[in-house]
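Full structure from sequences and hints, please.
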Amino acid sequence: MQSKTLGWILLAPTLLILFFFGVLPFIYVVFVSFHQWNPFAVDPEMVFNGADNFRQIVFDPAFLNSIGVTVLFVLFAVVSELILGYVLAQAFMRDFPGKAIFRTIHTLPLIMAPIIVGSVWKLMTTPSIGIIPKFLDDWFGITMNIATSAPAAFATVVIMDIWHWTPLVTLTLIAALVSLPSDPFEQAQIDGANKRQIFWHITLPMIAPAVVATVFIRLMDALRTVDEVWMLTGGGPGSATRFVGVHIFKEVFPKTNYGYGSTISVVVLYLTIVACWLLYVTMLAPRSKKD
Amino acid sequence: MRMSSEKTLARTGVYAFLVISAAFFLMPFYVMVVTSLKTMDEIRVTSIFALPDTPTLQAWVTAWQSACTGLNCNGLSVGFFNSVMIMVPATVFSILLGAVTGYALSFWRPKGTGLIFGILLVAAFIPYQVFIYPLVRMLSQVGLYNSLAGIVAIHVIFGMPIMVLLFRNYYAGLPRDLFSAARVDGGGFWVIFIRLILPLSPPILIVAVILQSTHIWNDFLFGLVFAGSDNQPMTVLLNNIVNSTQGEKAYNVNMAATILTAAVPLIIYLASGRWFVRGIAAGAVKG
Chain A
1 MQSKTLGWIL LAPTLLILFF FGVLPFIYVV FVSFHQWNPF AVDPEMVFNG ADNFRQIVFD
61 PAFLNSIGVT VLFVLFAVVS ELILGYVLAQ AFMRDFPGKA IFRTIHTLPL IMAPIIVGSV
121 WKLMTTPSIG IIPKFLDDWF GITMNIATSA PAAFATVVIM DIWHWTPLVT LTLIAALVSL
181 PSDPFEQAQI DGANKRQIFW HITLPMIAPA VVATVFIRLM DALRTVDEVW MLTGGGPGSA
241 TRFVGVHIFK EVFPKTNYGY GSTISVVVLY LTIVACWLLY VTMLAPRSKK D
Chain B
1 MRMSSEKTLA RTGVYAFLVI SAAFFLMPFY VMVVTSLKTM DEIRVTSIFA LPDTPTLQAW
61 VTAWQSACTG LNCNGLSVGF FNSVMIMVPA TVFSILLGAV TGYALSFWRP KGTGLIFGIL
121 LVAAFIPYQV FIYPLVRMLS QVGLYNSLAG IVAIHVIFGM PIMVLLFRNY YAGLPRDLFS
181 AARVDGGGFW VIFIRLILPL SPPILIVAVI LQSTHIWNDF LFGLVFAGSD NQPMTVLLNN
241 IVNSTQGEKA YNVNMAATIL TAAVPLIIYL ASGRWFVRGI AAGAVKG
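Protein chains in written order, with this note's numbering: chain A, 1 to 291; chain B, 1 to 287.
In short, the hints are calculated from the structure, not lab data. Given the structure is predicted, the values throughout are model-derived calculations rather than measurements. We put the beta carbon where it would ideally sit given N, CA and C, even for glycine. Don't take each hint at face value.
[Stated by the list, open to error] Restraint-style ranges between C-beta atoms, simulated for each label pair:
1. B:Leu57 - A:Ala150: 36 to 42 Å
2. A:Gly68 - B:Pro202: 32 to 38 Å
3. B:Phe49 - A:Gln56: 35 to 41 Å
4. B:Arg11 - A:Ile142: 58 to 64 Å
5. B:Lys111 - A:Leu204: 37 to 43 Å
6. B:Thr54 - A:Val71: 46 to 52 Å
7. A:Ile142 - B:Phe117: 49 to 55 Å
8. B:Phe49 - A:Phe54: 36 to 42 Å
9. A:Ile101 - B:Asp53: 38 to 44 Å
10. B:Asn72 - A:Ala100: 42 to 48 Å
Encoded structure:
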């Protein structure tokens, strides 16, 4: 009995924090999302306006654009990170001299703050000084300016993300590969399977949970990415790199239209949950049913 | 013979790939360091790739004590101390909270554990921009908005889910018999925690310290929104210096400032070695 009371007392801080800073703000955001409210306007009253905000968001080109840009960003970045990360993980599964140094180098980007990554890539892409525009100009005669060219800005953000997060994918895939049993591989080799067959039919299904977990983590990160994009492009040019995270931040703060800002938050939250559910259902559920 | 030549070929391929990818990962570091050691005159005329003619630490000194952020020209040093003031208490409190809660959840499994877990997991991944505005209002209501205590609280709150999950998973992995035996011996909750659990905890404590301290140090958005102008962390000042629109852009100072901001996590990484990788792995399996 005593230990039960003590247990609740020990859990109390966590539960209180969860309630006051998790559940309560969530309810508040949902509540505000059904209102027209601008606290700093001439008319600072909160007015209930039903589903108007939600009706507006469905046709809001700025919001739809941010969703589209984010999806494209996730697609390009995460697929590249998975391929590059997998090849690197396989390379690190071997033993060779100098492995420790390479592993240190290949983990280094992970510890850099997003704001720092943004700052360095900003310098590297500055026209006339940065090495990337200079290289493109000297070798291919291409002029690159991320302040004016939307595709260039988008590509830079994707490459920056690949630079920053491939090490994470490598580490998780190494962890997954190390824990694989060796029997299925030996059996497949005896049966005369080639490397491609082994990859598609044995390795990939066995590391699928790790791959899904990685995609999940990167998806969540992509949805809240602000810092490095803020530093590099500020969401521009135009709205080429205005990802959902940046959009919410820019929309809610300076415009002080809190009713509509809350609506965006609620919809993003909903889309996040749907995306995770879809990922889970399509990638993991069918396989567990088969087993 | 054929096997060994194939092996050599494969190894050469692996090396080639690793060297190219290493160059990709190292390039920004190289650019950072080389640029920070040059004068602006040299940056304008030579290639960004070229080594500095006469390396100078002038840009580092400027970045540290006299780079301008808006009207203040005190450099990054203020931000460094602010970041330390934020990082130390926030790391300590979030680990304490995580350890005690994680222990309570695995020692004494309440009925709603599953639900608490679900909420924690969702909370660990939610796009936090969603909560910024309500939290700003709540903190200003209790007078913590724009204060050191406020930003520390924010870090403890947002670090809590991952810390609790980390410690819970670690303690759940300890043999159950250990707990039962200690209970039979009449050990109370705290006695067991201090005598039995803490001595078993150093590995997870190290991982937690590395994870939380680098995470808090690297934060930008929370510092920007919640810290207030007196407590701005280094990352916010770095952003202000780099994106300052006044005067000519001093790329060397910007890069020196960037390295200085990155220094603390870099030192933690290089000093902790394999522990850091473990921390990442632990953080990655949180999903």
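Practice task
Find the hints from earlier in the document that the structure breaks and name them by number, from lowest to highest.
Solution key: Hint check: 2, 3, 4, 8 and 9 fail, others pass.
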